[in-house]
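Visitor: The primary structure of each chain is shown beneath.
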Amino acid sequence: GQNIDQPTEMTATEGAIVQINCTYQTSGFNGLFWYQQHAGEAPTFLSYNVLDGLEEKGRFSSFLSRSKGYSYLLLKELQMKDSASYLCAVRDYGGGSQGNLIFGKGTKLSVKP
Amino acid sequence: DVKVTQSSRYLVKRTGEKVFLECVQDMDHENMFWYRQDPGLGLRLIYFSYDVKMKEKGDIPEGYSVSREKKERFSLILESASTNQTSMYLCASSPAGSGANVLTFGAGSRLTVL
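Protein chains in written order, with the numbering used here: chain A, 1 to 113; chain B, 1 to 114.
Be careful, since some hints might not be right.
Some, not all, of what chain A presents toward chain B, calculated at C-beta under 8 Å [to be verified]:
#, residue
1, E14
2, A39
3, F45
4, L87
5, L101
6, G104
7, K105
Here are the simulated DSSO-like pairs of lysine-lysine, each with C-alpha atoms no more than 27 Å apart in a straight line [claimed, not checked]:
#, chain 1, residue 1, chain 2, residue 2
8, B, K57, A, K105
9, B, K57, B, K18
10, B, K53, B, K18
11, A, K57, A, K105
12, B, K71, B, K57
13, B, K70, A, K105
14, B, K71, B, K3
15, B, K3, A, K57
16, B, K3, A, K81
17, A, K105, A, K81
18, B, K55, B, K70
19, A, K105, A, K76
20, A, K68, A, K112
21, B, K3, A, K108
22, B, K55, A, K105
23, A, K112, A, K76
24, A, K112, A, K81
25, A, K57, A, K76
Restraint ranges, calculated between C-beta atoms of paired labels, are given here [what the hints assert, rightly or not]:
#, chain 1, residue 1, chain 2, residue 2, range
26, A, E77, B, K18, 41 to 51 Å
27, B, T15, A, I17, 26 to 36 Å
28, A, E55, B, V52, 33 to 43 Å
29, B, K18, A, E55, 19 to 29 Å
To be clear, the hints were calculated from the coordinates, so they are not data collected in a lab.
Beta carbons: idealized from backbone N, C-alpha and C, even for Gly.
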C-alpha cells in the first residue's frame, strides 16, 4: 500500500536547527516534495528531490535516500515565522505517465522564543 | 503574479444541497486537482484532470463530481452535500510532464455542511 509517515508535531527554539523526517512506502517513485503551510493558508512549495542526496536552498535543505525510503527537511537559524505545518509528498507513477502526489499528514512545527 | 483562485473562501450549506466549488488558474497549466484537507488526515486527492474535458478519480471520489469545460477552470460538485463533507477544499494546478512540476494551490474553500 501507499504510506507516508512524518511526526505529528515538533517544537524548537528560535535560532536553532530542526530536522523533520519523512519515511515513505509507495508503489512507484518519481520525486519527493516538501511544502510549507501556515495556518489558514495554502501550501507553498519548498523543495524537490528526485536523486539521492542533499538539496540546499538558503536556510532550508532537503535530503533523500531512495533505497531507505527516507527524506528529511532541515531548517537552520529558525525564525518565528517558520512556525507552520510541513508536508512531505511523494509522486508515484499512477494517474497516467505523470503521477500524482501522495501527501503525508504533515508535521506542525512550533518555534518558541 | 501567477494564481489559482477559488471563488468562495467560506461556505455554509445545508444537508442535501447541491454545492459548486469553482477554481480558476491563470498559468495555462494542463493539470488541475481537487483535494480536501482534514485534521489528522492530511491532504487527500478527490479528482484530477490532465486536460480539458478529461477527469480521473483520485483516492476519495465518492460523493463528488467534477467538470472541466475550459483549460483554466476546474469545478468540484457535491450533488447532495452531507455533514461528513464539511472540510477545507484545496484546488491546485501544475504544468504537464514529469520532473519538478510544482503544484500551485489556491487559498482554499472552507465548507461547512449543517
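Visitor: Where does the structure disagree with the numbered hints, that is, which hint numbers, in rising order?
Guide: 1, 2, 13, 20, 27 and 29
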